[in-house]
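> Take a look at the letters that make up each chain.
2 protein chains.
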Amino acid sequence: MSSTKKKGKQTVFFSSPPSIIGTAAVAGAKEGEGPLGAYFDTIVKDSMWGEESWEKAESKFMEQAVRTALSKSKITPSDVDYICAGDLLNQCSGTNYGIRSLEIPFLGMYGACSTMALSLSVAAMCVDGGYADVCAAACSSHFCSAEKQFRFPLEYGGQRPPSAQWTATGSGCAILSAAGEGPKIDCITTGKIIDKGITDANNMGAAMAPAAADTLLAHFQDTGRTPSDYDLIVTGDLGKIGKSIVVDMLKEEGFDLSENYNDCGLLLFDCDTQDVHSGGSGCACAALVFCGYLYRLMQEKQLNRILLAATGALMSTTAVQQGESIPGISHAVSITLK
Amino acid sequence: MSSTKKKGKQTVFFSSPPSIIGTAAVAGAKEGEGPLGAYFDTIVKDSMWGEESWEKAESKFMEQAVRTALSKSKITPSDVDYICAGDLLNQCSGTNYGIRSLEIPFLGMYGACSTMALSLSVAAMCVDGGYADVCAAACSSHFCSAEKQFRFPLEYGGQRPPSAQWTATGSGCAILSAAGEGPKIDCITTGKIIDKGITDANNMGAAMAPAAADTLLAHFQDTGRTPSDYDLIVTGDLGKIGKSIVVDMLKEEGFDLSENYNDCGLLLFDCDTQDVHSGGSGCACAALVFCGYLYRLMQEKQLNRILLAATGALMSTTAVQQGESIPGISHAVSITLK
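First to last, the protein sequences are chains A and B. Just so it is clear: in the first sequence, position 31 is 31 by this note's numbering, and no numbers are missing. Take the position in the second sequence, starting the count at 1, then add 338; the result is the number in this note's numbering.
What the hints contain is simulated information worked out from the structure, not anything from laboratory work. Computed from a predicted model, the values in this text were never measured in an experiment. Where a beta carbon is used, it is the ideal one built from N, C-alpha and C, also for glycine. Take every hint as true, because none was put in to throw you off.
Quick list of simulated restraints, FRET-style, between CB atoms:
{"hint": "1", "chain 1": "B", "residue 1": "R489", "chain 2": "A", "residue 2": "D200", "range": "27 to 33 Å"}
{"hint": "2", "chain 1": "B", "residue 1": "P500", "chain 2": "A", "residue 2": "A29", "range": "46 to 52 Å"}
{"hint": "3", "chain 1": "B", "residue 1": "L635", "chain 2": "A", "residue 2": "D46", "range": "52 to 58 Å"}
{"hint": "4", "chain 1": "A", "residue 1": "Q159", "chain 2": "B", "residue 2": "V585", "range": "54 to 60 Å"}
{"hint": "5", "chain 1": "A", "residue 1": "Y156", "chain 2": "B", "residue 2": "S596", "range": "54 to 60 Å"}
{"hint": "6", "chain 1": "A", "residue 1": "G157", "chain 2": "B", "residue 2": "E493", "range": "30 to 36 Å"}
{"hint": "7", "chain 1": "A", "residue 1": "E51", "chain 2": "B", "residue 2": "L492", "range": "29 to 35 Å"}
Listing some non-contacts, in silico: residues in chain A with all C-beta distances to chain B over 12 Å:
{"hint": "8", "residue": "G32"}
{"hint": "9", "residue": "T42"}
{"hint": "10", "residue": "L154"}
{"hint": "11", "residue": "E155"}
{"hint": "12", "residue": "R160"}
{"hint": "13", "residue": "P162"}
{"hint": "14", "residue": "T223"}
{"hint": "15", "residue": "I241"}
{"hint": "16", "residue": "S244"}
Pairs of lysine-lysine, DSS-like flavour, derived with a Cα cap of 27 Å:
{"hint": "17", "chain 1": "B", "residue 1": "K410", "chain 2": "A", "residue 2": "K9"}
{"hint": "18", "chain 1": "A", "residue 1": "K184", "chain 2": "B", "residue 2": "K347"}
{"hint": "19", "chain 1": "B", "residue 1": "K347", "chain 2": "A", "residue 2": "K72"}
Please build the complete structure, drawing on both the sequences and the hints.
Have a look at this one:
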């Protein structure tokens with residue numbers, strides 16, 4: 001135990017920062033048609049991907065993302081000490097069936113749409129702590145399985161309000177290693193549950209924004225860094241409404257996000273032409289943007305240091321139907337070439 | 339990174355084993371009437387616990403277990419660096435709402451009924467790795483919310499086959515610390531997903547038993563230990579059927595579990611008089627038995643070294659309705675007074 005590793009209440013710095021030696025992004029058709037289409041390893045046009053259900057298709061996205069990331073990292077499943085992964089489906093079944101055939105020791109995660117950052121955080125601790133040489137971090141979501149589970153049957157054709165977001169279809173996986181080349185995770189800031197009383201399941205950005213602001217603020221306070229220390233700060237899937245709330249909340253605390261802050265939900269889709277209303281969402285939103293786009297920009301040294309603050313609405317239909325508000329959470333991962 | 343910490347493919351030994359400085363077990367009425375009733379901190383007779391729904395009651399069990407464990411450990415929520423927790427409800431809502439008011443950085447876990455061991459495992463890595471001075475590990479389940487979600491409405495009064503198990507109502511929480519007195523977690527063995535093709539949601543013991551056998555075997559192979567190195571080996575919630583499968587499977591591999599092996603599902607209830615058929619199940623099963631009963635026996639030095647191998651059926655109703663089999667997983671935690 002060396003408690004000197006811990007800096008501030010919510011942030012830990014790694015003494016041996018793990019390298020992200022490879023990633024993969026497997027995207028759906030709409031995601032492939034968006035601005036980042038060129039950055040994905042695979043674009044799957046058929047939402048069923050030849051399976052009998054959207055849920056089985058989601059598991060296939062996950063399996064394909066993990067296998068592709070392993071292959072690109074030139075390792076096999078048996079080289080991986082742990083896989084940290086999760087998704088939005090009840091009992092995380094996208095993950096359970098997706099990684100079933102891999103036979104990798106499995107740490108099951110649930111962080112809703114913050115799962116990419118949660119999985120990266122736990123995987124980074126496993127590697128830096130010496131418990132693993134190699135860890136995989138992965139998550140998935142699927143527009144059709146998520147709409148069906150959380151909102152309405154797709155066939156119903158329910159109208160979506162302007163505040164609604166579009167759950168991304170796809171899966172991303174990152175491979176963390178104690179050795180090897182690649183951008184490194186130098187510190188993480190783990191979020192608390194923040195609930196400001198939003199009850200509208202069609203306004204997730206507003207439900208999650210206070211959690212993102214809380215974690216970003218904790219990160220800056222714990223580390224002594226400011227927004228300008230990063231080339232890019234990205235939240236996970238706040239969309240237009242949530243993003244503007246975060247900018248306002250941080251401004252009140254004295255931090256200016258106007259220069260270098262964006263949201264994965266606004267990067268993944270073109271809101272003006274793709275009919276996604278407030279932007280993208282879902283575990284796959286931050287996963288596709290990080291594992292596909294941002295990782296490539298870091299490899300190409302267009303970005304040297306980023307802060308990925310994925311965001312999750314810890315929503316359950318049962319709880320919302322019982323009148324509960326929607327708790328949010330956000331976990332931040334600092335990734336650097338230095 | 340010191341890869342010497344890692345012994346064998348699935349097991350890690352801790353260089354600074356975390357102490358379990360306190361636990362709490364908050365149980366439902368039926369659990370309180372069982373053989374271990376005297377070991378629980380609180381027994382709640384009303385399945386709604388004064389709330390408007392079983393789900394809200396489950397969250398109250400979780401909150402009460404965490405707050406009681408903190409109080410018994412003479413610390414407050416602000417002393418806790420991370421809480422690792424999860425439950426069986428869709429999107430882990432028992433946990434999300436249960437710990438919402440605590441404002442502790444939250445690592446969300448999903449391991450179905452293996453969650454107590456999963457949470458203990460991740461919490462132990464956080465403490466031993468120097469990322470935390472204090473971590474909480476918790477989980478919950480509730481018979482009524484689980485039956486309603488996974489099987490039939492309670493009002494339907496569906497008949498339960500002899501292989502069925504009874505989801506425990508309650509929550510357990512353990513507090514891990516880098517300093518302080520208490521039994522220590524000296525090593526953990528993290529399980530893989532094992533699926534032998536069981537599709538019967540009323541025979542979870544059979545679905546999980548191969549996973550338990552796989553993890554126990556990995557533990558013995560990785561550590562060089564044998565069953566006789568433990569005063570007690572307990573699986574989480576295999577019940578009568580699953581337990582006998584594990585004994586048979588380990589016997590085939592040359593390990594004799596006949597002397598000192600039991601299952602939390604058979605310890606929590608009296609199967610002969612409490613009408614629980616094959617035994618107890620649910621996240622709370624292993625949690626109540628460990629946090630209530632086994633922890634006390636260790637404090638009283640009646641047990642010096644135990645292996646808690648909690649077991650989870652990664653079942654989703656959607657997946658089962660789509661004809662999928664039920665994957666199992668088991669995580670083992672070695673706890674010692676030495």
